[in-house]
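Engineer: In case you want the letters, here they are:
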Amino acid sequence: MTTTLPKPEARDSAGDPRPRRPLNTPMLLAYAVLTVGIVVTLFPFMWMLLTSLKSFQELFNLSFFPESPTLDNYRQVLLETKFVVWFGNSLLVAGVTTASVLFFDSMVGYTLAKFDFPGKNLIFILILSTLMIPTEMLVIPWFVGVSDLNLAQSTPGAYFSIMFPGLMSAFGVFLMRQFFETLPDDLLEAARIDGMSEFGIFWRIALPLVRPALASLAIFTFLGNWNAFLWPLIVIQKPEFRTLPVGTALFNGEAGTQWGLIMAASSLAVIPVLIVFAIFQRQIIEGIVLTGMKG
Amino acid sequence: MRRHQTRTAYVFLLVPLVFFLIVRFLPTLSALRLSLFDWNILKEQQPFVGTENYERLFADEKFAQALKNTALYTVIGVPAQIALGLAVALLLNKIQGLRGLFRALYFAPYVTPIVAAAWVWQWLFSPQFGPVNTFLIWLHIPPQNFLTSPTQALATTAALVVWQNLGFQIVLFLAGLSAIPRSYYEAAEIDGANGTQAFWKITWPLLNPTIVFSVVTGTISYLQLFTQVVNLNFTDQGGPLGSTTTVALYIYQIAFGRFQMGYASAITVVLFLIILAITLFQLRFLTRRYDL
Numbered sequence: 001m002t003t004t005l006p007k008p009e010a011r012d013s014a015g016d017p018r019p020r021r022p023l024n025t026p027m028l029l030a031y032a033v034l035t036v037g038i039v040v041t042l043f044p045f046m047w048m049l050l051t052s053l054k055s056f057q058e059l060f061n062l063s064f065f066p067e068s069p070t071l072d073n074y075r076q077v078l079l080e081t082k083f084v085v086w087f088g089n090s091l092l093v094a095g096v097t098t099a100s101v102l103f104f105d106s107m108v109g110y111t112l113a114k115f116d117f118p119g120k121n122l123i124f125i126l127i128l129s130t131l132m133i134p135t136e137m138l139v140i141p142w143f144v145g146v147s148d149l150n151l152a153q154s155t156p157g158a159y160f161s162i163m164f165p166g167l168m169s170a171f172g173v174f175l176m177r178q179f180f181e182t183l184p185d186d187l188l189e190a191a192r193i194d195g196m197s198e199f200g201i202f203w204r205i206a207l208p209l210v211r212p213a214l215a216s217l218a219i220f221t222f223l224g225n226w227n228a229f230l231w232p233l234i235v236i237q238k239p240e241f242r243t244l245p246v247g248t249a250l251f252n253g254e255a256g257t258q259w260g261l262i263m264a265a266s267s268l269a270v271i272p273v274l275i276v277f278a279i280f281q282r283q284i285i286e287g288i289v290l291t292g293m294k295g
Numbered sequence: 001m002r003r004h005q006t007r008t009a010y011v012f013l014l015v016p017l018v019f020f021l022i023v024r025f026l027p028t029l030s031a032l033r034l035s036l037f038d039w040n041i042l043k044e045q046q047p048f049v050g051t052e053n054y055e056r057l058f059a060d061e062k063f064a065q066a067l068k069n070t071a072l073y074t075v076i077g078v079p080a081q082i083a084l085g086l087a088v089a090l091l092l093n094k095i096q097g098l099r100g101l102f103r104a105l106y107f108a109p110y111v112t113p114i115v116a117a118a119w120v121w122q123w124l125f126s127p128q129f130g131p132v133n134t135f136l137i138w139l140h141i142p143p144q145n146f147l148t149s150p151t152q153a154l155a156t157t158a159a160l161v162v163w164q165n166l167g168f169q170i171v172l173f174l175a176g177l178s179a180i181p182r183s184y185y186e187a188a189e190i191d192g193a194n195g196t197q198a199f200w201k202i203t204w205p206l207l208n209p210t211i212v213f214s215v216v217t218g219t220i221s222y223l224q225l226f227t228q229v230v231n232l233n234f235t236d237q238g239g240p241l242g243s244t245t246t247v248a249l250y251i252y253q254i255a256f257g258r259f260q261m262g263y264a265s266a267i268t269v270v271l272f273l274i275i276l277a278i279t280l281f282q283l284r285f286l287t288r289r290y291d292l
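Residue numbers (full-length UniProt numbering), protein chains in the order written: chain H, 1 to 295; chain G, 1 to 292.
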């Protein structure tokens, strides 16, 4: 940082597009309202974290902060329940489905945006129309199919059963198509003239250019599958194949309402998602902005 | 050249098209077929019953209640999250510093696992030892029953869903707002328009695509509300006297509690038709084109 920063006056007179406005009453008011909103929004979080640190004796005393914080709830959740197994199952399911969605949805989005072929619009509309099919409608035939094939009882089959509905998503196809449409054709044409294969053009030229889109698709897919509840609840009978939401939800029912444990389990369940979000925050927001919900 | 493109395109689309066919379209047709049978997974015989399941549906009071509740959730939730999301996005656009921090904090509920959020909510709104009632008493307002009251449970559940969706709404609206050229506002200011006028004449119409997107996708998701409802009351699914039951939860209970797959399929077909009709209606009547 050896270059001198331009003086603020100089910026203003030079017609900077976004001059720094002085703090005025409306802006202060905006800050105040936003802060109140944040306090209300984050209160449930804080409550969850702080309750998870309370001992059993302290649980129902309504003070906000624990008097003698303890990690005992965490110890119990990690050692005395199948939490770690469920956590691993969820990571596996969310990880594989996210990788699959990123690969296939970008390939479909790219094809629909950059190739000209008969049936193109029909295929796009058909894929998009699946967004209107309620999950409940699909779940029953899926269940009948999986039961007939006796799939969900043992290791590879059980994981495949949980994952298969999420391997591709219509929303992702829509998102990726929007992005690839903004790529200039000349770029792809140049690579084509250089003798690159069609898959190589997609993989090495087009895909790296839409990283923000991939990041936002990744977080939404990961979140969706990390939180998936209805289908894993239905398809999995054996406790060792449960995913985190199902395992913890049923654990609530089986163990009675052990608030301390539940709050500790909830706090632990938030962590991976917050990490993914923290890493990709910029790209996620940029991704949504660039999708440009322009209709 | 074109033939080469066509071939490459179909090679790229082959696996995905097979997926959408097998995992989305065939099950849809299968559900339609199942709805015409008395298909109970526990019974030997699965007789064809024609439209009997649908006839049963029209006389089913529990279905009527679930449908009414689902409509209520949608009518409360969609406008609430759009209004709150837009308000916060506009405020965030007003301030200078800390914008990223505020945005991230508002986004936090959206990345919270739904099951976890539901538990916290259960605790917060507990009639005996919930902090919300403690706060109400402090304000000299009598404590409420919230999730254990047949009249308040639905609104409390809706509040949870709105709280969770708000972060996404805000980011969506920030994206929409950033696409509006600043010069429009400057021109309006020169013409002497005040803030309210600028909002209704510029912001609102130019935000139309974002709002349509929010209304359509929001409605579709509220019509399928399930996870929050189940987890807010795992022992008493659907809340006191079925006051929070949704169509999705009712389908789940019929299909996987009583294994009446045929009847449950008939309900899913009706739900599908409702979603289809509402979506087409919304797209037809909400979409505006502004040529500026």
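Just so you know, these hints were derived from the structure itself, not from any lab. Among the hints, a few may not be true.
[Claimed, not checked] Derived DEER-like restraints, expressed as beta-carbon distance ranges:
| # | chain 1 | residue 1 | chain 2 | residue 2 | range |
| --- | --- | --- | --- | --- | --- |
| 1 | H | Leu28 | G | Gly192 | 22 to 32 Å |
| 2 | G | Ala159 | H | Leu274 | 17 to 27 Å |
| 3 | G | Ile180 | H | Leu29 | 34 to 44 Å |
| 4 | G | Gly192 | H | Ser63 | 48 to 58 Å |
| 5 | G | Asn93 | H | Phe56 | 38 to 48 Å |
| 6 | H | Asp72 | G | Trp200 | 40 to 50 Å |
| 7 | H | Leu274 | G | Phe25 | 30 to 40 Å |
| 8 | H | Thr35 | G | Ala188 | 27 to 37 Å |
| 9 | H | Asp72 | G | Phe259 | 34 to 44 Å |
| 10 | G | Thr196 | H | Leu250 | 49 to 59 Å |
| 11 | H | Glu189 | G | Ile190 | 40 to 50 Å |
| 12 | G | Phe48 | H | Arg204 | 34 to 44 Å |
| 13 | G | Gly257 | H | Leu71 | 32 to 42 Å |
| 14 | G | Leu273 | H | Val33 | 35 to 45 Å |
[Stated by the list, open to error] Residues from chain G that keep clear of chain H, each with C-beta distances beyond 12 Å, as calculated:
| # | residue |
| --- | --- |
| 15 | Val11 |
| 16 | Ala59 |
| 17 | Asp60 |
| 18 | Ala87 |
| 19 | His140 |
| 20 | Ile141 |
| 21 | Gln144 |
| 22 | Gln197 |
[Unchecked claim] Listed next, the stretches of chain G that the computed footprint assigns to chain H, with coverage defined by at least 3 CB atoms under 8 Å from CB atoms of chain H:
| # | segment |
| --- | --- |
| 23 | 26-39 |
| 24 | 76-83 |
| 25 | 89-95 |
Where a beta carbon is used, it is the ideal one built from N, C-alpha and C, also for glycine.
Engineer: Now, for every hint given, state plainly whether the structure supports it.
Structural biologist: Against the structure, the hints come out as follows:
Taking 22 to 32 Å as the suggested C-beta distance range, the pair Leu28/H and Gly192/G conforms, at roughly 25 Å. Under the hint 17 to 27 Å, the C-beta atoms of Ala159/G and Leu274/H, about 23 Å apart, fit the expected range. Range check, Ile180/G to Leu29/H: about 22 Å between beta-carbon atoms, so the 34 to 44 Å window is missed. Checking the proposed 48 to 58 Å range against Gly192/G and Ser63/H shows it holds: the Cβ atoms sit about 55 Å from each other.
Hint check: Asn93/G to Phe56/H, Cβ distance near 47 Å, so the stated range 38 to 48 Å holds. Remark: the range hint 40 to 50 Å for Asp72/H to Trp200/G is contradicted by a beta-carbon distance near 56 Å. About 37 Å separates the C-beta atoms of Leu274/H and Phe25/G, a value consistent with the hinted range of 30 to 40 Å. The hinted window of 27 to 37 Å between Thr35/H and Ala188/G holds, with their beta carbons roughly 29 Å apart.
Separation of Asp72/H from Phe259/G is about 41 Å and conforms to the stated range, judged on CB atoms against 34 to 44 Å. Checked against the hint of 49 to 59 Å, the pair Thr196/G and Leu250/H passes, with Cβ atoms roughly 52 Å apart. Between Glu189/H and Ile190/G the Cβ separation comes to about 44 Å, which falls inside the hinted range of 40 to 50 Å. The beta-carbon spacing between Phe48/G and Arg204/H, approximately 55 Å, falls outside the hinted interval of 34 to 44 Å.
As the Cβ distance of Gly257/G to Leu71/H is approximately 38 Å, the hint placing it in 32 to 42 Å holds. Roughly 42 Å separates the CB atoms of Leu273/G and Val33/H, a value that falls within the hinted 35 to 45 Å. The non-interface label for Val11/G is inconsistent with chain H: the shortest C-beta to C-beta separation is roughly 8 Å, within 12 Å. No Cβ of chain H approaches the Cβ of Ala59/G within 12 Å, the least distance being about 21 Å, so the stated non-interface status holds.
With a cut of 12 Å on Cβ distances, Asp60/G stays outside the contact zone with chain H, its closest approach being about 16 Å. Under the 12 Å C-beta cut-off, the non-interface status given to Ala87/G relative to chain H is violated; the minimum distance is some 8 Å. With a closest Cβ-Cβ approach of about 17 Å to chain H, His140/G is found to remain outside the 12 Å limit, as its non-interface label requires. Distance to chain H confirms Ile141/G as a non-interface residue, since its nearest Cβ pair spans about 17 Å, more than 12 Å.
The beta carbon of Gln144/G is kept farther than 12 Å from every beta carbon of chain H, the shortest such distance being approximately 16 Å. Once the 12 Å rule is applied to beta carbons, Gln197/G is consistent with being away from chain H; the minimum gap is 16 Å. Only residues whose beta carbon comes within less than 8 Å of a beta carbon in chain H count, and the segment 26-39 of chain G has 6; three or more means the coverage holds. Beta-carbon proximity to chain H at under 8 Å applies to 0 residues in the segment 76-83 of chain G; the threshold of 3 is not reached and the given coverage is violated.
Residue count for the segment 89-95 of chain G with a Cβ under 8 Å from a Cβ of chain H: 4. That meets the three needed, and the coverage hint holds.
Checked against the numbered hints listed earlier, the structure breaks hints 3, 6, 12, 15, 18, 24; every other hint is satisfied.
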